[in-house]
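Line by line, the protein sequences give chains V and F.
To convert, count from 1 in the first sequence and add 89; that's the working numbering.
To convert, count from 1 in the second sequence and add 37; that's the working numbering.
Treat the hints with caution; some may be incorrect.
To be verified - One-sided and incomplete, this derived list gives chain F residues near chain V with beta-carbon spacing under 10 Å:
id	residue
1	41
2	221
3	237
4	246
Just so you know, the hints here were simulated from the structure itself, not pulled from any lab data.
Predicted model, so just to flag it, every value in this text is computed and none were measured.
The C-beta atom is built at its ideal place from N, Cα and C for all residues, glycine as well.
Chain by chain, the residues run as shown.
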Amino acid sequence: MASIRLKNITKRWGDFVAVDNQSLDIEDQEFLVLLGPSGCGKTTTMRMIAGLEEPTEGEVWIGDRMVNDELPKDRDVAMVFQNYGLYPHMSVFDNIAYPLKIRKSAPKARIPELVRKAADRVELLQFLERRPRELSGGQRQRVALARAIVREPQAFLMDEPLSNLDAKLRVTMRAELKHLSHELQITTVYVTHDQIEAMTLADRIGVMNDGRIRQLGTPDEIYNDPANIFVADFIGSPSMNLIQGAVDRNCFVTAGGQQLTETPASDLDRAVLGVRAEDIAVVRLGSTDVDARVYAAENTGENVVLTLQLGEQRITCKEDRYLKFSINERIGLRFDSSKTYLFEPDSGARIRQ
Amino acid sequence: MRDNTLKYLLVMPAVVIVFATAIWPLIQSFRYSLFQGRLTRPGFPQGYIGFENYTWAVSQEPAFWNSVIVTGVYTLLTVALTVLLSLGLALLLVPGGRFRMSIQTILILPFAMSPALIGVSFRFMFNPEFGLFDAFFGLLIPPLADISWLSDPILAFAVCVMADVWGWIPFLTLVLIGGLAAVPSETIEAAQVDGAGGWQVFRDITLPQLAPVLAVVIILKSIFSLKTFDQVYMLTNGGPGTATQTLSHYVYFNGLKYGQLGYAASVAWLMVIPMIFLTYAYAKLVFRKAQQ
């Protein structure tokens, strides 16, 4: 077990910059999730830790070793791949045993016992004689996990391990992963584009875009205290409402002139107000200064998602599932100033005061 | 007209053509192999002698066994060399950069040449007076300058093998590049992370996944090597003596040159025996893959 440290890592292919001068400290035993849209550099970052890509600049440290010049086999990390990367010509048993055999890290006689222990952890014991192609997607994923946990590596690297599973299985496997990581207590770097996976699994999340980590923090911090428009917009479903407007005498005013909420910020000609769908309250028309028209009301079963016309802009808001709305109905809205975020429109940076 | 009748009618021309050009000649050649079958004498195919041609070839003809050995050694050497060299080349070219496509195009050129042409050009290159190799070796290793390659039994055989390997490497390389490209890179990366070094990855991961393609390639090349004729005919014409006389060449000599059609047909049918095994194995591999 070890910490992982990236020092000013850059990866370029020709003119394309995949990872841009990124530094990152991952604590020993931490579960760190790299979250971001496809092409943001999260997988490249992980592959540089594994040694499957060479950084153009910067240093990769695992524990107290600088590993830039070490081959993947010498870095002592275990990796779970998006398409599992199972060896199709080997049985499940041989797949799991391969790292032990090739490293000679365990005496030969102990290999069956270790393989069974790992397989038992992921409930694969009855499939040991099968070939990967005779298994379902979820079972294959378990084989990949078992192959990673059969030895005790310095760190686990997981590259979108759940993205090929169907929605239902993904939820089950997510819980199993969470349980497993709690049991094993090994430093883990986990790459995903799924924010729910990130929120549920992570000790800390690094939200990446364009080759840089835009915010690094606990799931709570990322969700409740976004550092910029990108993070605010990327996290949450439906994504955060970003309302264009201005700040005038401690009040956020929309482009259409409606005074939405108080803000401690000083006057600004242009500003963006972020507010999550669940933090907007629908109230009786006339009881606040804000009114909107119902553009669409969608009952998801769990709640009602409203799309509202607020002046020139549309916003979404989540309400109790027992409330009924009709299209074009006019309603009042209340914003809670403690749950709104103010951003600079050009740089996207958060305005804090 | 009923659908069924029309169906058979439509297939009929193909059946007739296959029968006339493949099945009928097969039957005829088998029939001739049971007769004396001398083209040079009246009354062809003369008297029925049963399997005497076959027993004669196997028991009374050292030249037949010479050809069997020549063909066997030739097949073993050409298959082994071509497959090994092609695999090496394919491994070099697979991860390659942007020049790969143009190199591949150049690579295919030797395969685009007819085997007879390869034979002729190699005969020129090994000519002891004005040949390319002669000049080349003469410059590098003077004692080798005056060797007359095609007059020495072992050297002539080596030249035949070399010409064949040269002609076949490109095609096999391309097939193997295709096979290697189909090996999922994740399995290779997984093995690297699991702790395997370069050679171990190749031995444990790449080679087993390449095995089906490799088997097809080996069988295909064996079939082609076993029936080699044109190149040998142009390059050495079986000589010196019978040092490079493959079975096909032996059949040709006896059948068309000496007019012993019955005997030649029986030797051709003896050649069918290894071919059947190889073709069966090939078909099984290819069709099993298609079924999956």
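The hints, checked one at a time:
1. 41: violated, 40 Å
2. 221: Constraint on residue 221 of chain F satisfied, holds at 7 Å.
3. 237: holds, 6 Å
4. 246: Where the cut-off is 10 Å and the nearest Cβ of chain V is about 6 Å from residue 246 of chain F, the hint holds.
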